[in-house]
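Protein chains in written order, with my numbering: chain A, 1 to 361; chain B, 362 to 667; chain C, 668 to 1170.
Rather than coming from a laboratory, the hints here were simulated on the basis of the structure.
If you're wondering where the values come from, they're calculated on a predicted model, not measured in any experiment.
Treat the hints with care, as some may be off.
Here are the computed distance ranges between Cβ atoms for each label pair [as the list claims (entries may be wrong)]:
id, chain 1, residue 1, chain 2, residue 2, range
1, A, Q176, C, A988, 54 to 62 Å
2, B, L490, C, P799, 39 to 47 Å
3, C, S802, A, V210, 39 to 47 Å
4, C, R846, A, R144, 31 to 39 Å
5, B, Y482, A, E43, 49 to 57 Å
6, A, G323, B, L368, 42 to 50 Å
7, A, V210, B, S477, 31 to 39 Å
8, C, V805, B, G550, 29 to 37 Å
9, C, D1123, A, R12, 42 to 50 Å
10, A, R350, C, S893, 23 to 31 Å
11, C, D820, A, R144, 55 to 63 Å
12, B, S626, A, G323, 34 to 42 Å
13, A, A31, C, P799, 32 to 40 Å
14, B, Y519, C, E726, 42 to 50 Å
No residue lacks a Cβ here, since even glycine has one placed at the ideal position from N, Cα and C.
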Amino acid sequence: MLMLEPRPAPSRVMTLASPLIALLLTALVAALLLAALGKDPLEGLRVIFAEPLSNRRQVSEVLLKATPLIVIALGLAVCYRANVWNIGAEGQFLLGCVGGGGVALWLTTQGIVLPKVLGLPLVLAAGMLGGMLWAGAVALLRDRYNANEILVSLMLVYVAQQSVNALVFGPWKDPQGFNMPQSAMFHASLHLPPLLERTRLHVGFVAALVLAAAVALFLFRSFRGFQLQVGGLAPAAARYAGFSSRSALWTSLLLSGALAGLAGAMEVAGPIRQVTPYLSTGLGFTAIIVCFVGRLHPLGIVVAGVLLSLMLIGGELAQSRLGLPNAMASVLQGLLLLILLACDTFIDQRLRWRRATGRAA
Amino acid sequence: MNETALLINTALASGTTLALAALGLLVNERAGVLNLGAEGMMLVAAVAGFAAALTTGSDTLGFLAAAAAGAALAALFAGLVIFLNTNQYATGLALSLFGYGLSAFLGVSMVGKSLSPRQTYEVPGLSDLPFVGPALFSHHPMVYVAIALAVAIAWFLYRTRAGLLLRAMGENPEPAHALGYPVRLIRLGAVCVGGALCGLAGAYVSLVTAPLWVEGLTAGRGWIALALTVFATWRPARVLLGAYLFGGVTVLQLSLQAQGVAISSHLLTMLPYLATIVVLVLISRNPAFIRLNMPASLGKPFRPGS
Amino acid sequence: MYRLELIGIGKQYPAVKANDGVHLRVRPGEIHAVLGENGAGKSTLMKIIYGAVRPDEGEIRWNGRPVRIASPAAARRLGIGMVYQHFSLFDTLSAAENVWLGLDGSLALDAVTQRIRDVAHTYGLDVDPLRPVHSLSVGERQRVEIVRALLTDPQLLILDEPTSVLTPQAVDKLFVTLRRLADQGTSILYISHKLDEIRALCHHCTVLRGGKVTGEVDPTRESNASLSRMMIGTEPPALQRRAQEAGPVVLAVDGLNLARQDPFGVDLHDIRLEVRAGEILGVAGVSGNGQQELLAALSGEDRRASPAAIRLSGRPIGDRAPRLRRRLGLHSVPEERLGRGAVPTMSLAQNTLLTRTESVGRGGWLRVASVRALARRLIERFQVKAAGPDAAAASLSGGNLQKFIVGRAIDAKPACLVVAQPTWGVDVGAAALIRGELLALRDAGCAILVVSEELDELFEISDRLVVVARGRLSPTVPAAEATVERIGSWMSGLWSTPAGAEA
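Isolated chain A, as found in the complex (with noise of 0.2 Å):
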C-alpha cells in the first residue's frame, strides 16, 4: 500500500521541481478542457501559452499586466513570510489607485500642469499611501482587537470596490464624460515614461525588477526581514528571542499595503490613466497565486508574475480567437495554485511502498 512518509530533510529537486510539474498538470488539464469544449487542445494551448509571446507589442502588454502582479506580490510574500495572512491586496490595489488618481484628477481639474519628476512621484506617493492606510486599518484592528486579517482584510475589499464606485458614479464623474461613471483623463505630465516605444510599456515594470532585489535584500540580507521570517516560521521561537510580533504585524501590512497601493498608482498613471470601477480584474487575487507559485521569493515573483500575465494574456486572446470563455483563465490560476500545493507537499515528504496493512487512519 502507498504510503506518505517524512523525509529525513527537505528535497532539493522537488523545490524546483515542483512549480513546473504544477505548470505542466495544469496544462494537461487546459488541454482536456479545451477538448470537452470541443475545441483543438493543441491550438488552444498554443494561443494560450505561445502566442503572448509571438511579438514585440505582445510581449510588451506581458511585461505590462506582470508589473502591479509583481510588486502586490512583493509585498504579500513579506507578509506570508511573517505569517500574516493579508488577503485584502485588491483593497489596498484600488486605494492606490484612488490615492494616486484621486491626486492626478484634483491637478488635472485644477489646472496645475507639475514637471514630470515632480507631479509623478506625487501622484505615487498618494497610491503608496492610500495602500498604506487600508493595510494600516487590518494592522490596528489586530493589535488592538486580535481580529483576524484574513477576514478584516477581505472585508475591506468590498468595501473598496464600493467606494470607488461611490467617487465614480458619484463627485469624480467626467462632466464631460456622456454621464458614464468614470473620470476625467489625467493630464499627460501625470502619465508614466513609456519603456518600449509604440507599446504600453511603461517604467513600472523596470520599478518592479528594482523593487524585487530590494524585498530580497531586506528579508535575507538585514536583521528586520529575518526577525519577520523567525515569527511566521516559528513564533514560540520569536517569543523566546525578544523579536516583537506586533512590530512584524505593522512592518508586513504597512510595506504590502505600500506596494499594493504604489501598483494601483502605477496603473492609473499608466495604461489607464482615468479612475473607471474596471480598475481591477482581481489583480490583487491573481497576485496571491504569483506569490505562491514564486515560492514567496522575489526572485520566483519576477519569474512568477511573467507566467501568470502570460496566462492573463493568452486566456483573453483565446476569448477572442476561439470563442472561449474568458474566465478559462481565471478556472487554471487557481487550478495551479491548487496543484502546486500538492507538489509541493512531496518537497517534506514521499511515496513509499509498504507491505503493511491495517495501520489505523
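With the hints as your guide, set chains B and C onto chain A.
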C-alpha cells in the same frame, strides 16, 4: 402585513444563506479543520444548482446538485489538507480562488438568466396566527430546513457519543488516534458534510434570493459565514441567531434604499461588510474568550504516527 | 508458556533502524522491565506491541499463538492495555467521558462512571470520574489512564516511563498497585531508564541499546553499574564537582506574583530566590507546577512582573525584554528545542541570531560570514554532530541540537544562566557533556539556575536545591544535606517553614 413581522420575515429569509453556510463551517471546524474555501464552494454550488433547476425545472434537484457540488469540492480540499498535509489556510484560499473561476466558467452560458420567484410555504394553521404567522411560518422550505439542521447538529454534537468524539477530536486529535479512531476519515466526513451545507447555502442564493446567476453572485457571504462561526462560538443555536441578525442588516440596507434615503447606494451596499468587521472586533477583543471556546486543534495539521 | 513473546522484531525508519532482531519474553504475572536510554528503540517496540506501528520483520506470539496486531483496537481485544506517557486524554472532557470514549461503546456513560469508581476502589487509586481532566495534576491523570486500562481487564499492561511525572512517594504507591496486579496474574511491561526503580520493582529486565537487545537479566541480581554497562556500553561518567565559595548575589527574585495566562496554567505566588555567582541552584518539581511560568518570567518572554521583582546584579529587570536581559548578562535555555530554542527549518548559523546578535551590523544588516563563523565555533567546541553551519536545525538529533542550544548560551559568557530541562530526551553522552559544561561555567563564576524533573541530575550538579509546587517555592537546602524523601515530600507541597528561608 405588519411592518415588524415583515422585517422579521425578511431577516429570516435573507439570513438563511449565512445560517446554512455557517452551520457547515461549524461542523468542519468542530472537527478541527478550517476551510477558507467556503466562498468558492458556495459559488460553484450556486451555479450547479442553478443549472440543474434551469434544465430540469426542479428546485429539489437543484439543491441536491448544489449539495453534491459543495461536497465534491470539499472532498478535494480534504484530500489535500488531511491526506497530503498541505497548509489549511493556503489551500482554502486556493479553493476559493479556484471556485470563483470555475463558477464563472461553468456559468458563462447562463449569465443574466433568471428563474421565476419562488413560492413561500405557508405552514397550515400556524401561518394564520396574527404577527407570528407572517413572521415565522410563511417561508421558503429551505428556511425551515436550516432551522431543522441547526437542531439536528446541536443534538448530534451534545447528545451523542459520536458528537462527543468529534468535539474532543477538534480539541486534540492525538488522544483519539491513540485510542484507535480513524481521525483522518472522520475529519474527511466532517469536511464533506460542511461542504454539502455550504452548497445548499450557495444554491439558496441562486435559486431563491436572486434567483439568477451572475459571476460572483454570493458577494462574499462565504467569508461572512466564516466570521459568523467565530461570532457564534461554534454553537448551532448562536449561529442561527447571528445569521438572522445579519439578515436584519441586509433588511436595513434594502429598506433604506427603498425609502430613497440620501446615502449613496454604494455606501449602503458596504453595510454587511462593515458590520462583519465590527462583529469581528467585538468577539476577538478578549483573546482568552476565544481560546476557551475555539476547538484547540483548528487549523493545525494532523500527522498520525508522528 | 509465555504470555507475550517477540521473536526477531525489526523496524526500519528512513534514517535509522529503530529495532533490530529484538527478542522479548514475558510470563504471566511477571513485571518485566524494558531498559534503555533515549533513542534505544523502547518506544518503537512498545508501539509495535500495542498496535500503532507494524514491524518490518519478526513474529509476535500471544499466549503461545502467533498473532498480527493490526491496530490499537486489535491489541485491546487481545487483552493488551497501554498507559500512555502523553497524548491520550482529552483535556476538556471529564475522566469518565474520556474512559467512555476509550471503550467500545457497549456501556452507557453512567455505567462506565460507576465501574471507574469500583475499579479505583479495588486498587486503592484515588480517582474522581466527574472532574474535567484539565483540572487534574499529572499524577492524577496517570491514575485515570491506569483505571482506563484496567477497565478492559488486560492480561498485559504496558507502562511507558510512568514515574517521570511522580513524586517519590507517589512512585511507592504506584509500585504497590503494580505488585498487586502482578500477583493477580496480570503481566506488566515497565519501560524506563531509571535503574533504581527497575531493581526495586521488576522481576526481569530486557536491555536495549541502539535497537538491539544487549541483555536479558534478573535486575535484582545486578548492580547499577552492570545494568548501566548493558545500557550504554560503559559506566556512567563521573562528574567532578569542586566545592567552592559562592560569590555575590547575581539573580534575586523577590515577591514575584503572576496570574496564569493560559487557562490551564499555574499562578505563581510570592516567589523568592537568590542565585550567587559560582553556584548552581537546582529547582526540582513535578512538571506542571509553575516551572514554565517561572522560566518565562525569568527569560523575559513574560514581562508582566513588576520591575523590582526580578533583579540582576541589583538592577530591576522584571518587565524588560529578552534582548535587554541578554545584553545585561542573563541568558536562558528553554524547555523545548525545536520551535522555541531553535527554528527547525533554519540553519544552525541562522539560529545563532536568535540570541547572539554580535553579527548584526550598523543599519541592521547581517554579516553572514561572521554568523557562520560563530556557528562553526559552537559546533566544534560543543562537539555537535552536524553537517555544518548550514545544516537545518531539524536535521540534528535531540542531543546534538541541545548541545548547540546550550552551547550558544554558554559561549556568550553570561553572568547568569537559566536552564530548563537541560538533558531531557538527550542521549547519555550528550547529557554528560552538557552537565560537565554547566559545572565548568559555574566554576568560572556564573550564577546558574537549573530547572529539571530529573532528581538524580539535580543532586549531581546543584549546590543548593529548592522545590516548586503549585506555584510556590519550598525552603532552599544545600544539596549535600538534602534527602530524596524530603525533596519528595516538598514536591507534593508539604513544607512548613516559610518559602525562601534556609531550612
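Hint by hint, here is what the structure shows:
A C-beta distance of roughly 60 Å is found between Q176/A and A988/C, which places it inside the suggested range of 54 to 62 Å. Judged by the Cβ atoms, the range 39 to 47 Å given for L490/B and P799/C holds: they are separated by roughly 44 Å. Remark: the range hint 39 to 47 Å for S802/C to V210/A is contradicted by a beta-carbon distance near 59 Å. Restraint check, R846/C to R144/A: a C-beta distance of roughly 59 Å breaks the suggested window 31 to 39 Å.
The given range of 49 to 57 Å is respected by Y482/B and E43/A, whose C-beta atoms sit roughly 51 Å from each other. Between G323/A and L368/B the beta carbon distance is about 48 Å. The supplied range of 42 to 50 Å therefore holds. The supplied range of 31 to 39 Å is broken by V210/A and S477/B, whose beta-carbon atoms lie about 58 Å from each other. Taking 29 to 37 Å as the suggested C-beta distance range, the pair V805/C and G550/B conforms, at roughly 34 Å.
Distance hint check for D1123/C and R12/A: the Cβ-Cβ separation is about 44 Å, which falls inside the suggested range of 42 to 50 Å. At roughly 43 Å, the beta carbons of R350/A and S893/C sit outside the given window of 23 to 31 Å. The hinted range of 55 to 63 Å is satisfied by D820/C and R144/A, whose Cβ atoms lie roughly 57 Å apart. For S626/B and G323/A, the hinted distance range of 34 to 42 Å is satisfied, since their beta carbons lie about 35 Å from each other.
Hint check: A31/A to P799/C, Cβ distance near 57 Å, so the stated range 32 to 40 Å is violated. The beta-carbon spacing between Y519/B and E726/C, approximately 46 Å, falls within the hinted interval of 42 to 50 Å.
Figure legend: structure checked against the earlier numbered hints; hints not met, in rising order: 3, 4, 7, 10 and 13.
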